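Two chains, two frames, a set of hints: combine them into the complex.
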Amino acid sequence: MHVTARLVAAVGAALVLAAGSAYAQHETAFDIEDGSRAFRTSCQGCHGPDGDEIAGVDLGRGQFKRASTDADLVRIIRNGIPGTPMPPVNMSETQAARIVAYLRSVAASKRSVGAAGDAARGRSLFEGKGQCATCHRVEGVGGRLGPELSRIGQVRRAAELEQSVLDPAAEVLPANRFYRVVTRDGATVTGRLLNHDTFTVQVLDSTEQLRSFAKADLREHGFVVSPMPSAKGTLTPQDVSDVVSYLVSLKGRAVR
Amino acid sequence: MSLLGRTLVGVAVVVGAASLQAQVGFDRILKARSEPQNWLTYSGDVFNQRHSPLTEITPANVKDLELKWVWQTRSLEKFEATALAVGGVLYTVQAPNDVVALDATTGRVFWTYSHTPAADARTCCGRVNRGLAILGDTLFMGTIDSHLLAIDARSGQLVWDTVVAKSAERYSITHAPLIVKDKVIVGTAGGDMGIRGLIAAYDVKTGREAWRFYTIPGPGEPGNDTWSGNSWMTGGAGVWNIGAYDPETNLTFWGTGNPAPDWDGRQRLGDNLYSNSVVALDADTGRLKWHYQFTPHDELDYDSTQVPVLADVQWQGAPRKVMLWANRNGVMYVLDRRTGEFLKGKPYVQVNWMDGFDEKGRPRRVPGKVPTPEGTLIQPHVHGATNWQPPSFSPRTGWYYQAHFENSATVVVEGLSPRPAGINTRATTMGQTSLLNFYNNDAEAYGVVRAYDPATLEAKWEFKMSDITWAGVMTTASDVLFSGGKEGYFFALDARTGALLWKAALGGQVNSGPMSYAVDGKQYVTVAAGNALFAFGLK
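Here the protein sequences line up with chains A and B, keeping their order.
Note that numbering that gives the first Met the number 0 numbers the first sequence so that position 31 is 30, with each residue one more than the last.
Note that numbering that gives the first Met the number 0 numbers the second sequence so that position 310 is 309, with each residue one more than the last.
Hints listed in this document are in silico derivations from the structure and should not be mistaken for laboratory results.
All values derive from a computational prediction rather than experimental measurement.
Among the hints, erroneous ones may be present.
Restricting the straight-line Cα-Cα distance to at most 30 Å, the calculated cross-link-like pairs of lysine-lysine (BS3-like) are [to be verified]:
id	chain 1	residue 1	chain 2	residue 2
1	B	K204	A	K214
2	A	K214	B	K62
3	B	K320	B	K368
4	B	K502	A	K214
5	B	K359	B	K345
6	B	K368	A	K214
7	A	K214	B	K463
Some, not all, of what chain B presents toward chain A, calculated at C-beta under 10 Å [unchecked claim]:
id	residue
8	G446
9	G484
10	Y488
11	W501
12	K502
13	L505
Cβ-Cβ distance ranges computed for the label pairs, FRET-style [unchecked claim]:
id	chain 1	residue 1	chain 2	residue 2	range
14	B	R364	A	G185	25 to 33 Å
15	B	D281	A	L217	51 to 59 Å
16	A	G44	B	E340	50 to 58 Å
17	A	N194	B	N60	30 to 38 Å
18	A	V154	B	A117	44 to 52 Å
19	A	K250	B	R364	23 to 31 Å
Cβ atoms here follow ideal geometry from the backbone N, Cα and C, with glycine treated the same way.
Looking at chain B on its own, in the form it has when it is part of the complex (with noise of 0.2 Å):
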């Protein structure tokens, strides 16, 4: 090709990646399921249902998919973030907190940002990002030391750093912000810690703070008075999760976490709102407009963070706007979105702390299930019966895909910390990673994906797993479903029946969830694992 040939075909490529590349407005984060080939927000999506419109890969030919790219990081900690796709640059963060831009056909680096956390910032359960959020050219990210960046996307320089909360009081963040219009909202966990909580929204072009919710209710509002004394100072209720965004009410919800101190309530009598609840808040203003708590008065670690899923279902006869929550306390739920009224609340692993709800669905606790200095069996296990990790809920199917475990321990406490016992000891506590199963027996404790009709709660398929597994599920819209598992497998699933249709082993935790995007109509599917990011492909 001559010299000149050359130059015009250059300029035409970087023409089109600068079309391709264009500013991600709110709306097309609004209608994100209307660009399949990008994934521009944590869970594609604000609803957070984590589900690809891509139907390149198919249950028939999925068994050909293989490795296009693998990613490795300079980090040896755990890889939770989940990649932004935008025009052929994935968007993902090399934990704890630099942010990096890779070719998302070679996983070749374009730029890496570097935050250096303070060297007061404490987490409870590693040095972790779940990732990342963009709106325009700009890339926004919590760190450990409690700022929120705000990151150039295509140069990778800083354009804004503010301080959300002190770091030198155990206030960090590590979820993935969320966009609302011309906000980024965080919120800040350390809950097991003694901090206040909170949830709070700034200015996208200046970092300038726009409200702030505290999930812990001050003197004289509402809810203080279920916290004794000054608990509710260092009270926890944390936040380390992504929240959702309903357009059509303007509302954002949000998980929030244990009261604190965890395991022994006797210091902060009372329901201790707003710890273990989503919270309903106005989007403009953070306003509060309702809540629901799903473990009262919790003494047992179940913290309320997981990612709340929007979907619209049938429910009843009639079609209904809801939020489908699988819990940490082993109780999935299906709250109308609107009004956070209870629907319907079902223990979905072996449950024994609560028997029922009363008629407003209030859990009714079983006497004596709590932490003793003797030693409590509780189901499910301090891990919960889930975490963190990412659902998804398929349009398709109208059914909610969650990956948990059955996991049980006796919890014993004396003070502040908990002593997980029993057979073998079991002694991986919160936050560990063990690789070593910790399990005596298949049954004693193996981890699931599931397959859950909102209607009734009922899974309509399971796929058993002989360790637990911290990966999050993806589903796509030709019925594919990709999820992994502790043991280091990434594999797919048919989303109708459950059936495995591929896996590979990639030697690391899957401790993340799956996404996918296309460049040049080729579909990819990643996923981090062990302490790299893979990307597979059709053959």
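With the rest of the complex left out, here is chain A (with noise of 0.2 Å):
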């Protein structure tokens, strides 16, 4: 979309959005970074992260088919639209409020890195220079050391997967942590924590290998920093831009 285009759309969806806003006299940041997380894990599986992936609706625009004011929103995502796959959603009202500020705060700024970068020379540098293919999986091609990203497309915002790219120990989901244990006999090992408790530890190790220990049996044991590199020192920004709109393009496959 040209720039202007662009503008004048987020400008349009600011309006459109604004107006009914009930709920905008108590909105905090904190009440929007509440909103992003609530989105994640109700909203974004079938509208997307942008909120563009159903037919007729772009939540990031304020385009919607049934909606014209916040408290209609906030009503639709409690209670879901019969005869539709839109299903209810169990959150208190302030909850589903907080969506529809998140959504709001987004439609000037979500538009960022990523539909700029060439994703076809993203995925040549992901899988060449970049060596992100050495832990990172795609459609079955590539290591498991590191998430899974065949869908990351689906699940993250571009800013978030720059952010990654470039800081990537800045956010680390408990479930890609990296542990490191040492045995009695001095075997060291390290791999991505799967699960541990107070007597036993579960890793993938470098070798790829399902690990566990009993914490008894080691000398030490513990976690380490993130062993993905940032790739400021690698990637030029246009490199970074590129690999960015690849994973962005990563929408996992359809079911069939």
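Pasting the structure below:
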């Protein structure tokens, strides 16, 4: 989309969403962040990370089939739309309002890096110079030590992906943390932590083997920083933009 | 064996069973420890000591425990109930409100009584139930639609059904009732949803209400002025855990929950009595004799709905009748249970909302440690340092045993709901039981079982777990302690040293308190984990 057209769309979305904004007076940055989290959990599986994957609906731009006010949106989130795949979501009015606040906030900001890159070139960088596939798997190709990325474009926005590429340690989900154990005989094993409890620890080790250890048999054990390097030293800003565009394009396979 | 012979044996068994299952009079409940084979109240006795006099299982042989049976519920709700054991029969609750009688040696079901809660029943934190009470031949259960039911213990048939409060107004009952003499006493949950909490006693025969005590005083009553405006009408102070009873003073003690709205006190200025308190009521009349408020004007969801534990201890060189209370707010208390006098209070985890007490035992608040839109680091977390899980007191060691956790969070509030935030966002809000560990390292959050000396409130030992725990604790007269955790282990510790003696991986969170009973001289230990009840005994 042309820049001017995008701006117009964003302003238009802001205006549409501002109409009947019953919740605006209570809105804080924290509400929006909370709404973002709730959106990821409850909405984006169907609506997509940018809220535009249902035909005729573009949540980020304020384009709806049935809602004209915030109150309409809150009601639809909580009650669903009978006769359609939109289910009711079990959440409070406050929580639903935070999702609405989040949707309003993304209207002007969401289309950042990503659309500007060359996804095809990004794929080449991902598999080549960037060495991303050493640890990350896409459509059955690549390593397993890092997070699987075949659907990453469905669950992460471009800005979040860009941060992960440039500053991988900034936010690591619990499922992606790294752990190191040293056995009694001095062998060191590092891998992605899959589970642990008072007595045991389970990892996917660096050779992609599922390993389980009794803590009583270990000389030491504990979390370590993610081994993923920042792309700052190896990729140019354009490279990063291309890689992010490639990641954004990864929506997973259609269910057959 | 001849037919006649078999018939005679059958008669003998029936007669034997009838005598074993004699009516449970209140005198038996008061002297519950004199019949160690049974478990007659939620925590084993009216003092809530959760201490079994059984001694077959010892620190030396506990390693030989084996699984005797498993009873799988047909419920995916959290299994928080502690079973009662009477004459070889276990009585428990399949959440939300099905009463089940089981053969204590096989886990086979004798009967099930199903109560279907009203469609408007709402609970804050799961459609759960923590157990039953028994008196005579009758079981009593509070329901999540706020009924109190009496059920025949032999047949599983309904005897009476009394509405305690309206479920449409968000009242519910989740705890095990308490029997005192000829009354059955319950309290109502719903404090997060703007109820006005209450404790009420009912005639065990008829279900008629005998007395009612509102945990928030009405206009003209002392304490009503601790609520600004009309906030008393919907101020919460729910009751969702069992009380205790002291026959010497005829007082019954109940912990009360948070004031509502939970995290924003601007609408309810004042101390908000009797929220987050223990109230001591005359068991015959329900009149308030004394109270102690643990957290005045709470904005951190520090319900004081822990199980009150009564004990007779040595206090400064003399015997003293006390109440022990490890509170959700991170502070452990010793109160004189006859007068309510504050004897001692001491943080038992990292606490940053208070830094001491005045001369009357009122906590000294640390300015600024309240939820804000910008976020405030609060210790302990809104989960608390402990929550509802039942503790134990061993008369043998004289120690108070508690399962709790180190846990903190930045609490952000705007409106009526908190948003726990911080490292990894710790996106586990109150009441969820996600199995996902939500900590970054072993020091950030962990669970423990600790033994405390009531005289000093110093920990004598600690058993540390990787994850936090919602399991209760039971001790035995052979100095074995049983507990579990969120990780799904059920384990035995040496009650004197904390040493791990035995463990079993049950594959589901332990959200209940262990109990013990015996049949034909064989001791069993049970615990609910995941959605099943497990019974262990020696090989």
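Going down the list of hints, with the structure as the test:
{"no.": "1", "hint": "B/K204 - A/K214", "in the structure": "violated (56 Å)"}
{"no.": "2", "hint": "A/K214 - B/K62", "in the structure": "holds (20 Å)"}
{"no.": "3", "hint": "B/K320 - B/K368", "in the structure": "violated (34 Å)"}
{"no.": "4", "hint": "B/K502 - A/K214", "in the structure": "holds (15 Å)"}
{"no.": "5", "hint": "B/K359 - B/K345", "in the structure": "holds (14 Å)"}
{"no.": "6", "hint": "B/K368 - A/K214", "in the structure": "violated (38 Å)"}
{"no.": "7", "hint": "A/K214 - B/K463", "in the structure": "holds (13 Å)"}
{"no.": "8", "hint": "G446", "in the structure": "holds (8 Å)"}
{"no.": "9", "hint": "G484", "in the structure": "holds (7 Å)"}
{"no.": "10", "hint": "Y488", "in the structure": "holds (7 Å)"}
{"no.": "11", "hint": "W501", "in the structure": "violated (12 Å)"}
{"no.": "12", "hint": "K502", "in the structure": "holds (7 Å)"}
{"no.": "13", "hint": "L505", "in the structure": "violated (12 Å)"}
{"no.": "14", "hint": "B/R364 - A/G185: 25 to 33 Å", "in the structure": "violated (52 Å)"}
{"no.": "15", "hint": "B/D281 - A/L217: 51 to 59 Å", "in the structure": "holds (57 Å)"}
{"no.": "16", "hint": "A/G44 - B/E340: 50 to 58 Å", "in the structure": "holds (57 Å)"}
{"no.": "17", "hint": "A/N194 - B/N60: 30 to 38 Å", "in the structure": "holds (32 Å)"}
{"no.": "18", "hint": "A/V154 - B/A117: 44 to 52 Å", "in the structure": "violated (39 Å)"}
{"no.": "19", "hint": "A/K250 - B/R364: 23 to 31 Å", "in the structure": "violated (52 Å)"}
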